[in-house]
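Spelled out from the first residue to the last, the chains are:
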Amino acid sequence: MGNKTEINAKGKEKAEALLNVEDLSLSFIQYTSGLRQTELKVISNLSIQANRGEILAVVGSSGSGKSLLTHAILGILPSNAKLDGKIEYDGQVLTQKDKEDLRGKEIALVPQSVTYLDPLMKVSNQVIGAVEKGKEDLMKKLQREIFQQYNLKPEVERMYPHELSGGMARRVLVSTAVMSPAKLIIVDEPTPGLDEKTLNETLSYLKDMANKGSAVMLITHDIEAALKISDKIAVFYAGTVLEVANVEDFKNDGENLRHPYTQALWNALPQNKFQAIEGHQPMQDEVVDGCVFYERCYKKNELCSKGIPQIKKINGGVVRCNNVS
Amino acid sequence: MSNKKKIAGFIGKKILRLISLLLVVSFVSFMLVQYSPIDPVRAYLGEMAVSAEHKEKLEEYWGVNTPPQEKFLNWAGSLLKGDFGVSLIYRMPVIDVIKERFKASLALMASSWLISGILGFILGVVAGMNKGTLLDRVIKTYCYVLAATPTFWLALVLLMIFSVYLGWFPIGLSVPIGVMAENVTFFDRLEHLILPALTLSVLGVAQIAMFTREKLIEVMSSDYVLFAKARGEKGLDLVLRHGIRNVALPAITLQFLSFSELFGGTVLVEQVFSYQGIGLATVSAGLKSDVPLLLGIVLISTVFVFVGNMIADIIYQFIDPRIKQQESTT
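Chain order of the listed sequences is S and R.
Every number in my numbering is 23 more than the matching position in the first sequence, counting from 1.
Every number in my numbering is 33 more than the matching position in the second sequence, counting from 1.
Keep in mind the hints are simulated off the structure, nothing from the lab.
Be a bit skeptical, because a hint or two may be false.
Pulled from the structure, derived: some chain R residues nowhere near chain S, Cβ distances all over 10 Å [stated by the list, open to error]:
id: 1; residue: Ile-155
id: 2; residue: Phe-260
id: 3; residue: Arg-355
Going by beta-carbon spacing under 8 Å, a handful of chain S positions derived as facing chain R [unchecked claim]:
id: 4; residue: Gly-127
id: 5; residue: Pro-134
id: 6; residue: Leu-140
id: 7; residue: Pro-142
id: 8; residue: Met-144
id: 9; residue: Thr-199
Virtual Cβ for every residue (Gly too), placed ideally from N, Cα, C.
Make a model of the complete structure from these sequences and hints.
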């Protein structure tokens with residue numbers, strides 16, 4: 024209350040970020056034996072920002088909570104999910120109702136595979152989506168333009184999802200987001216199963232969206248692809264963000280990277296050291312008192328096993344580690 | 034196009050299958066009747082008393098002592114010529130009996146098939162959309178109760194309530210008593226049809242409703258519905274756009290596959306309401322040892338059920354775009 028000027032200053036800084044996720048925790052309520060309820064925590068104390076005109080890559084192995092984060096932002100979590108923390112869009116805290124109003128209009132999702140298309144509906148109808156009466160012709164025209172731009176032949180319009188090839192499917196999925204006037208575009212795992220050419224093509228579409236002023240959030244486990252186009256990389260591990268680094272930090276032996284896990288990720292790449300580290304990500308039902316990376320960390324000390332490390336801003340990035348300065 | 038050719042080939046194959054099915058069914062049912070304690074002479078005579086000499090002549094006429102193989106061949110031979118023989122209880126050609134009775138039953142079966150299909154589908158969609166709510170539980174309970182209800186019992190209950198106590202509908206038969214056939218109006222027929230059709234419909238609802246409910250819940254938790262939600266679609270529009278589209282085809286297929294249960298239900302319902310249809314004729318033919326009629330009905334009902342299954346197959350193979358695609362690539 025007292026420190027108004029500071030709040031204002033903070034508010035201004037936030038307005039930069041189109042999406043601001045702060046201290047987000049997500050858990051699922053499950054019934055174990057009989058009627059005993061347990062809470063399974065899948066995301067904890069996660070903070071992340073996506074800026075207009077930038078691509079933020081969210082990188083992490085499977086099970087780190089990447090997809091669930093997108094579902095949380097879009098408000099499409101299953102009913103047994105419990106969400107804490109706040110999600111701000113354009114400076115405004117989102118309620119479930121806001122999310123329902125914004126999705127499809129302000130926030131768009133590019134899903135990861137063709138199974139996200141209705142198998143019994145023709146592709147063009149799905150790209151256009153549910154339209155208000157009177158706007159059909161306009162949307163149809165827009166869809167044709169986008170298809171042309173993406174090199175999708177007119178006959179693709181009349182195809183069913185199962186008839187699309189991998190590359191075509193990717194382009195169709197991307198075009199669903201381009202159809203909408205969305206400012207925040209969340210792209211879920213766009214790269215698996217794509218050949219080099221289609222991969223680069225897809226990445227260029229994403230870059231294009233960012234260049235037009237949208238904030239793009241690229242969810243992926245393909246760090247190489249992410250590095251090609253992103254501005255910032257958020258590294259996910261066991262349901263939280265360990266580091267947000269700038270793309271320039273990923274070079275040489277990774278000495279500019281702040282977190283040991285990010286360094287390990289970088290050094291695991293074939294063109295770098297091609298070295299894997301021991302161990303695995305803690306399971307979701309494992310209770311970890313200290314740092315989630317404690318078990319596998321080479322820098323760990325006693326402090327790390329007690330309490331989650333605080334977030335520190337270092338060198339234009341963010342890190343959750345006790346041992347960096 | 035080639036699609037037409039494919040359908041023709043498909044139907045050709047199906048017809049071959051039907052022929053072989055009919056061969057087996059006719060042989061097996063003939064043999065079953067042959068080794069059952071049915072005496073055509075007794076059946077023909079009924080309660081009439083005749084001399085031993087007379088009886089012997091009749092036995093010879095009915096071929097009681099002819100070997101079974103020869104009997105079967107005789108019967109099958111006439112069948113091929115379109116001659117189903119003469120019904121012993123109705124004293125007219127079997128084919129005419131079946132035609133007349135089937136027409137009456139067709140009205141009953143078609144109306145209850147349609148009503149149960151539409152009503153069941155709607156109930157299933159409503160329950161699936163409101164999964165876990167009171168409404169869903171009410172519909173589910175209703176379906177479970179129905180599924181556990183014997184047809185004839187429900188028929189009796191409805192008959193007691195609506196015909197006996199309330200007197201809204203006639204007690205039985207398919208046309209009014211004591212009215213010349215040419216004077217029977219459409220409304221007379223309708224009045225006699227309502228209660229049996231209602232019984233059959235109400236019972237048929239359970240299966241299709243439960244199936245639709247399950248399927249809709251499955252569809253609504255699919256990736257593509259999640260994505261549609263992420264794009265701002267919601268509520269009834271979402272269900273109509275993606276739910277119904279993906280549930281309708283399997284539901285219609287199931288409804289066509291239920292022809293056999295429909296026929297079975299008709300037999301029981303007609304019995305309770307003394308509705309003069311094919312079901313009642315089946316029971317009479319069985320009880321009064323009318324072998325030609327019984328075998329005729331067996332064959333006709335085989336064709337009936339087969340046609341239902343075939344329509345289901347056609348829908349499955351030629352309307353669903355996914356299956357269509359697979360067919361053309363293999």
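Now for the hints, and whether the structure bears them out:
The claim that Ile-155/R lies off the interface holds: its Cβ sits roughly 20 Å from the closest Cβ of chain S, which is beyond the 10 Å cut-off. Distance to chain S contradicts Phe-260/R as a non-interface residue, since its nearest Cβ pair spans about 4 Å, not more than 10 Å. In this structure Arg-355/R is not separated from chain S by more than 10 Å, as the shortest Cβ-Cβ distance comes to only about 5 Å. Evaluation of the Gly-127/S hint against chain R yields a held restraint, the C-beta minimum of about 3 Å falling below 8 Å.
For the restraint placing Pro-134/S at the interface with chain R, the shortest Cβ-Cβ distance is roughly 5 Å, inside the 8 Å limit, so the hint holds. Because the beta carbon of Leu-140/S sits about 6 Å from the nearest beta carbon in chain R, less than 8 Å, this interface hint is met. The interface hint given for Pro-142/S is met, as the beta carbon of that residue sits about 6 Å from the closest beta carbon of chain R, less than 8 Å. Checking Met-144/S against chain R by beta carbon gives a least distance of about 6 Å; that is within 8 Å, so the hint holds.
Residue-level restraint check for Thr-199/S holds (minimum Cβ-Cβ distance to chain R is 7 Å; threshold 8 Å).
Of the numbered hints listed earlier, those contradicted by the structure are 2 and 3.
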